[in-house]
Amino acid sequence: MYLYDDFDRTLVDERIDEFRDQVARRLSGELTEEQFKPLRLMNGVYLQLHAYMLRIAIPYGTLSSEQMRMLAHIARRYDRNYGHFTTRQNLQFNWIKLEDLPDVMADLGRAGLHGMQTSGNCVRNITTDQWAGVAPDEIEDPRIWAEILRQHSTLHPEFSFLPRKFKIAITAASHDRAAVRVHDIGLRLHRNGAGETGFEVMVGGGLGRTPFIGKTIKAFLPKRDLLSYVEAILRVYNQYGRRDNIYKARIKILVHDLGAEAFAKEVDAEWQVIKDGALALDPAHAADITARFRYPEYERLDDNPEELRKARSSNRRFATWLDNSIANHKVSGYAIVTLSLKPEGGPPGDATAEQMESIAALAGRYSFGEIRVGHEQNLVLPHVAQRDLPTLWEKLETIGVATPNVGLVSDIIACPGLDYCSLANTRSIPIAQELTRRFRNLDVAHDLGRLHINISGCINACGHHHVGHIGILGVEKNGEEFFQITLGGRADEQAELGALLGPAVPYAEVADVIEDVVAAYVELRERPNELFIETVNRVGVEPFKERVYATR
Amino acid sequence: MTSPLQQKLKIAGPVVVTANRLGDGVVVYRTADNGWSTQIGAAAIATTVPAATELLHAAIADDISAVGAYIAPVEVDAGRIQPGNMRERIRLQGPTFDLPAIFGI
Amino acid sequence: MPLVKNGKIIDDPYLRVLDDAPVPDDTAVIVPAERLLADAGDFALRAGRTGVLWPNARNVSDLVPHLERLSLVALIFPTFRDGRAYSQARILRERYNFRGELRATGDILRDQFLFLHRAGFNAFEVAKATDASAFVDVIRRFSVFYQPAADGQSIALRRRLDHTGSRSATNSMA
Numbered sequence: 022m023y024l025y026d027d028f029d030r031t032l033v034d035e036r037i038d039e040f041r042d043q044v045a046r047r048l049s050g051e052l053t054e055e056q057f058k059p060l061r062l063m064n065g066v067y068l069q070l071h072a073y074m075l076r077i078a079i080p081y082g083t084l085s086s087e088q089m090r091m092l093a094h095i096a097r098r099y100d101r102n103y104g105h106f107t108t109r110q111n112l113q114f115n116w117i118k119l120e121d122l123p124d125v126m127a128d129l130g131r132a133g134l135h136g137m138q139t140s141g142n143c144v145r146n147i148t149t150d151q152w153a154g155v156a157p158d159e160i161e162d163p164r165i166w167a168e169i170l171r172q173h174s175t176l177h178p179e180f181s182f183l184p185r186k187f188k189i190a191i192t193a194a195s196h197d198r199a200a201v202r203v204h205d206i207g208l209r210l211h212r213n214g215a216g217e218t219g220f221e222v223m224v225g226g227g228l229g230r231t232p233f234i235g236k237t238i239k240a241f242l243p244k245r246d247l248l249s250y251v252e253a254i255l256r257v258y259n260q261y262g263r264r265d266n267i268y269k270a271r272i273k274i275l276v277h278d279l280g281a282e283a284f285a286k287e288v289d290a291e292w293q294v295i296k297d298g299a300l301a302l303d304p305a306h307a308a309d310i311t312a313r314f315r316y317p318e319y320e321r322l323d324d325n326p327e328e329l330r331k332a333r334s335s336n337r338r339f340a341t342w343l344d345n346s347i348a349n350h351k352v353s354g355y356a357i358v359t360l361s362l363k364p365e366g367g368p369p370g371d372a373t374a375e376q377m378e379s380i381a382a383l384a385g386r387y388s389f390g391e392i393r394v395g396h397e398q399n400l401v402l403p404h405v406a407q408r409d410l411p412t413l414w415e416k417l418e419t420i421g422v423a424t425p426n427v428g429l430v431s432d433i434i435a436c437p438g439l440d441y442c443s444l445a446n447t448r449s450i451p452i453a454q455e456l457t458r459r460f461r462n463l464d465v466a467h468d469l470g471r472l473h474i475n476i477s478g479c480i481n482a483c484g485h486h487h488v489g490h491i492g493i494l495g496v497e498k499n500g501e502e503f504f505q506i507t508l509g510g511r512a513d514e515q516a517e518l519g520a521l522l523g524p525a526v527p528y529a530e531v532a533d534v535i536e537d538v539v540a541a542y543v544e545l546r547e548r549p550n551e552l553f554i555e556t557v558n559r560v561g562v563e564p565f566k567e568r569v570y571a572t573r
Numbered sequence: 010m011t012s013p014l015q016q017k018l019k020i021a022g023p024v025v026v027t028a029n030r031l032g033d034g035v036v037v038y039r040t041a042d043n044g045w046s047t048q049i050g051a052a053a054i055a056t057t058v059p060a061a062t063e064l065l066h067a068a069i070a071d072d073i074s075a076v077g078a079y080i081a082p083v084e085v086d087a088g089r090i091q092p093g094n095m096r097e098r099i100r101l102q103g104p105t106f107d108l109p110a111i112f113g114i
Numbered sequence: 642m643p644l645v646k647n648g649k650i651i652d653d654p655y656l657r658v659l660d661d662a663p664v665p666d667d668t669a670v671i672v673p674a675e676r677l678l679a680d681a682g683d684f685a686l687r688a689g690r691t692g693v694l695w696p697n698a699r700n701v702s703d704l705v706p707h708l709e710r711l712s713l714v715a716l717i718f719p720t721f722r723d724g725r726a727y728s729q730a731r732i733l734r735e736r737y738n739f740r741g742e743l744r745a746t747g748d749i750l751r752d753q754f755l756f757l758h759r760a761g762f763n764a765f766e767v768a769k770a771t772d773a774s775a776f777v778d779v780i781r782r783f784s785v786f787y788q789p790a791a792d793g794q795s796i797a798l799r800r801r802l803d804h805t806g807s808r809s810a811t812n813s814m815a
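Chains as they are written, first to last, in the working numbering: chain A, 22 to 573; chain B, 10 to 114; chain C, 642 to 815.
Bear in mind the hints are in silico, worked out from the structure with no lab data behind them. Among the hints, erroneous ones may be present.
[What the hints assert, rightly or not] Here are the simulated lysine-lysine pairs, DSS-like style, with alpha carbons at most 30 Å apart:
1. A:351 / A:331
2. A:269 / C:769
3. A:58 / C:646
4. A:498 / C:646
5. C:649 / A:186
6. B:19 / A:269
7. A:269 / A:186
8. A:351 / A:286
Given the structure is predicted, the values throughout are model-derived calculations rather than measurements.
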């Protein structure tokens, strides 16, 4: 955990005071909605279909038990008893009242939570691997750098009115769980030939109307230069990014129009002037931030203890969960536990106040008071002793977050869609719910293996449909909901955009079509363990298309 | 961005003006007496472009009561007013699935 | 429109001169960029102070040869959402060491005063009188800053180290 100090707390408190004043000025009529809108957005407050929506930043997806309890409190006291974890590791409340918001912010602030950098044309909450700090395949904890960037970008005087929003993600592992190639800036920590760690810098990735995979513009950036290089990118973008057309304003369009090389040259020219200035990172600064990340005092434990072996051999359901939802921890005797927020028939990523409370308590008891949020909209207990897994599993079962479907066909990413969102063209949650019912049989799901379905209710792509193994995009046709299906997308280190399967299908047929696609995969796969994505890569979209549209 | 006032209005049937109440965001409808109601049945109906425009202008001017006013289609059947499309049905009735509280313990 | 400079509401001593209007010799004037660049020699000989209104789509490096003779640069916010002039301001202050008046013109919001101030602006054309009189309170609202900018504020990273340093110094004396 990163521990807030007086500086961090003071800034949050000052922000709360400012927001209270802004809300008062709006309610009194001193501010018009046009003037107030950018101010509320800069605090994560949107106006959706039914009500205001509050987006709370969860920097690099790390929450303490205390913070989770605070979220439960907000859900109970000011909302409708639940919250929604998003694909950007944030949390949204859907029914919040503007007149309550200053008090909501004050309550959140007591737990070090806020809505800064979650909206507006600024640098958004920095995301990273939900297993950061505990994954065996990472070279160091990327959250240190996410925190350094968080501080640098928070209320940045030069970059709070960029042409468009700006998203940065960092990974430090060989397997990219942070989807860095589909971000405005993607950073990958790695070692160079000399054994030093630094960043590969990718720029111009993104989804939405015009999806792009990010291009590498710097193969190795020393750590001392991270802030100056990011500032140079932002400065070039702030000055040259398009502002005449909201759909062409993201940095990906600038990078595409200039070409990655020419863009890199512009950045480099700017960077050469500032790299040895105030942003050159003093090792003492990095050490200070690093020192404020506290790690658990792990016990010395052996892997696969007797309690675990016994429970595994005596309880098949437990064994299934273990094989599905547990990942290796870098400390022996410990495990990383994923809590599925994708129960059969449930809206993806939603958690009730009761679930949040229970998870906070379980994290306190079994995970050193720490919880993570992943971009797949599941939660993680990052430091669980393996001997505690049987007991923990029983407790997770009782609160409905132990569905062993992590990474499987029913672990669906979905945006809120037309049921909540004022931008959406179609619903997406009911599609996800229906699919979890169709694929409720876990034996079938396990046989299918890793298969990501991502659903967006409009072209803005909050549900990351382009990078789903199966992507579903809602479009409106003559007032009816239709859905385009894509196959073969992926968000990891081999990031790809999906290819269109064929004509859009109506709402009522989506689940049938997806079942057909999955059935086609089962027929087409070369061997039982050829993954869906591998089959699509091998045979292309055509054989799927023939199968799906032959009878339609 | 074009403000709602600058957009050229086209209507194909009866419409109402709807918005969200400033203080709590609740969906409201513009009434004939220049107020707002949470009941769609109380909404003022316009069937011509000039009438709709007038209704919208007055609603937008009342920026302190409600936010983001716009024109929405409705269906009127034997005097009963119903939302005219899916989006407006969802705004009036809420999400099309049970809220997640039922998945709790 | 009230002008706030260095935290105070003042009368604007500058006269805005349009493209082809005559320029009085001994009055402080603000002229459009094109005019300054076309007649740079003439402006250098004037008795009065010269300022320039610089478009936000034009590189401020073009101003460098003239900066020494300019007492004011006015940068433009066509809408409050268009943040290009924040970068121009920082570059003028931090890279080219411009020490004259840096004025924010156009659509600026009270809630942006602090960002503008931190980017190096020291004069603000403010639409509403109530906003102008709130200026000082508004820019004092925050006491913690995370990133270096043109205002020379000590940033949290540095203050933390100083704080830790002084604390360990105290400890070592005890």
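Going down the list of hints, with the structure as the test:
For the given pair, residue 351 of chain A sits about 23 Å from residue 331 of chain A by alpha-carbon distance, which is consistent with the 30 Å threshold. For the suggested pair residue 269 of chain A and residue 769 of chain C, the alpha carbons sit about 33 Å apart, so the restraint of at most 30 Å is broken. For the suggested pair residue 58 of chain A and residue 646 of chain C, the alpha carbons sit about 27 Å apart, so the restraint of at most 30 Å is met. Taking the CA atoms of residue 498 of chain A and residue 646 of chain C, the gap is about 55 Å. The hint is violated against a cut of 30 Å.
Of the pairs offered as hints, the one joining residue 649 of chain C and residue 186 of chain A is violated, with about 34 Å between alpha carbons and a cut-off of 30 Å exceeded. For the hint linking residue 19 of chain B to residue 269 of chain A, the alpha-carbon distance of about 28 Å falls within 30 Å, and the restraint holds. Distance hint between residue 269 of chain A and residue 186 of chain A is fulfilled; the C-alpha atoms sit about 12 Å from each other, no more than 30 Å. With a C-alpha separation of about 40 Å, the suggested pair residue 351 of chain A and residue 286 of chain A falls outside the 30 Å cut-off, and the hint is violated.
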